[in-house]
Amino acid sequence: MSSWVPNLVPMAVLLPLLGAALTLSFRRSPALQRTISVGVLATVVVVAAVLIQQTDAHGPQVLWLGDWPEPLGISLVADRLSSLMLLVSAVVSLLVLIFAIGQGQADDEEDTPMSIFHPTYLVLMAGVSNAFLAGDLFNLFVGFEILLFSSYVLLTLGGTGPRIHAGTTYVVVSLVSSSLFLIAIAAAYAATGTVNLAQLALRIEGLPAGVALAVQLALLTTFAIKAAVFPMSSWLPDSYPTAPAPVTAVFAGLLTKVGVYAIIRTQTLLFPESPLTGLLMWAALLTMIVGILGAVSQTGLKRMLSFTLVSHIGYMIFGVSLATEHGIAGAIFYVTHHITIQTALFLITGLVERLGGTTSLDRLGGLAAASPVLAILFFTSAMNLSGIPPLSGFLAKIGLLHAGLEVGTPMSWVLVVAGIVTSLLTLYALTKVWSQAFWRSAPREAAGEEVDGAGSEEFETTSVPVGHGAAARTDSQGEALATGPRDHYTDPPRRGSTATAQAARPLPRAMLWATAAMTAVGILITLVAGPLFAYTQRAAGDLIRRDPYITTVLPPEVRR
Amino acid sequence: MTALIEPTIHPNVTLIVVVAALIAAGTVLVLDRSLVRILLGLLMVGNGVSILYMVVAGAAGRPPFVGSADPNEMSDPLPQAMVLTAIVISLATIGFLMALAYRLWQVAGTDDVPDDAEDARILDLALANETSSTYDPNVTPTTTADESARETTP
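Top to bottom, those sequences are chains A and B. All residue numbers for the first sequence refer to the numbering used here, where the first residue is 1 and numbers rise by one. All residue numbers for the second sequence refer to the numbering used here, where the first residue is 561 and numbers rise by one.
Quick caveat, the hints were computed from the structure, so don't treat them as lab data. You can trust all of the hints, since none of them are fake.
Covered, in the sense of this in silico footprint (three residues per stretch, anywhere, with C-beta under 8 angstroms from a C-beta of chain A), are these stretches of chain B: (1) 634-642; (2) 668-680.
The following label-pair restraints were derived from C-beta to C-beta distances: (3) A:Thr-221 / B:Ala-629: 35 to 43 angstroms; (4) A:Glu-205 / B:Ala-688: 52 to 60 angstroms; (5) A:Ser-3 / B:Pro-624: 28 to 36 angstroms; (6) A:Val-211 / B:Val-648: 27 to 35 angstroms; (7) B:Tyr-662 / A:Glu-406: 53 to 61 angstroms; (8) A:Thr-35 / B:Leu-591: 46 to 54 angstroms; (9) A:Asn-7 / B:Leu-575: 35 to 43 angstroms; (10) B:Arg-597 / A:Ser-3: 51 to 59 angstroms; (11) B:Val-648 / A:Asp-362: 46 to 54 angstroms; (12) A:Asp-56 / B:Glu-633: 44 to 52 angstroms.
Some residues of chain B that are not near chain A, with every Cβ distance over 10 angstroms (derived): (13) Val-578; (14) Ala-585; (15) Gly-621; (16) Arg-622; (17) Asp-630; (18) Leu-685.
For every residue, glycine included, the Cβ atom is placed at its ideal position computed from N, Cα and C.
Bound-form chain A, shown alone (with noise of 0.2 angstroms):
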């Protein structure tokens, strides 16, 4: 193993920090702020590919940090599985990045303050990556206090009342599971005299099968609440829709999956011969069905696609819940094709918010025809969350359905219908969303209360020259989308002061294209499907092992 490759894990943590001191230091230069930005992260990406090749080739890669003699000091551990996640996160934080940063540019500060945005975001990468590197729990804590801090921040950017509301409610919880996670790390700690990932594998499996199992659920009781697991999964879709567009994104994208990954690394190689398997299944069942029954009652597409967002989640967890190399395997699949997905979702929803002024399915409408590539994007990805083949969700469920079927247990059949019902049901309500939002004429009752009194009449002869020309224009793209037909999406006033309608504004090229970019990734998965599924093997062979992890981390002498 040549000797520079560890001392690039800590990079993934460092070069965010310090690009967060930087662009705070800076943030009357706009201009710096974004090149520092979008650099650092750049960078994050091609370390972690780095760290990818490396780890594939050579093992994990171990950094003891401050040189500490081997088992006192924290370490920092990547492995295939966390630097796939490292990959993935990097990619699409820097093209929500992007996202931001044309958004930015076109808005005026009022709402979301960009000077404070790239500090923020910066730290909350450093805290995801932090939590994918963490070698030892209390580490894994402070990764997760890290980017819940500056998910707080992010969340109530603006402090706009809705923001503040929703925040509220997200930040409570969060903390009363800071707190169930500090509660599970002294029990660890008081059972087994340690906190280091890899010992804990070692001693916890001496001790008496109560202790464990105490300490096993209260870990996956605080994991579950991060990743939003049914039934801890009700603050989601109340915190997440009100935030700017990019932050949805990123938070949708990643921050469940962090709670994703802990399980997955805290099941495989805390708790191989886990009793829980037949909890962890059920939750997923309950997951995925009253997510998804969510997902469908919802008219809003924001709090729509956060239920589909939790509902998915049980697809990673029923992956978790078999215990098998191929569910595993499923499930590290999962988690990367839905990362990708579900940021572009939720980008794409920024977008049509802009376009159509509106999120709300009963107002939109005509989107497909004011401006076609956003249509594109959104079908295709909205085809590739509920899973039409062939494309990379098709794959995701179907290596996780084969493994179902695999362990062929009749609770795992009860799953693998699930699954497909749950994937049928998305379909169901993405394909109202195109219906309704892309495919239908504007509504008419919205804008004829729009015009106000100016009569649907007068509507009704505008819209059709303006969608033609919209649709006439789009020839040079972004361009065109500043002139489609705005006017009449607008909203209407909502009941009350606190209503966040804005008037619909044009489409800028930098958002179009990020969201265009994070769309491709999904259908780049796809492309890669092959080699990605060979890796996400090996991944999860190695957890399953728990051989290379332990081995590499722990010198012989301290291996008890």
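Using the hints provided, position chain B relative to the given structure of chain A.
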């Protein structure tokens, strides 16, 4: 290092009672509707958890400085390091929550946590139906969810 794995902990009952009391009282407060009470509750839970780490650290011993005493007589320094981190984090948390509560009071005139959007939707349906058991003309759901479905239920 071997001492760490051996069962050296003889739990201090007083500390455990304090931990239980703090966490129980904190839990009650967290379940309240007012954000300031939730804040106080989280503060108590946080302090309870910090003291829990004192239980975990085992019996008190000599200060853990290298060379100042026999290592077997020293306190376990790791829980102290962890609890210090946790205290710093909870300090920042409380600061943020206080700012949040203040801002909530500014924008809403109350520091009550608002209704869940789904709850508000159900309540809206109930309000629209005079025969419903929850019908009460004086109640209006409080939610500011961006796209609660209520605007579509006539």
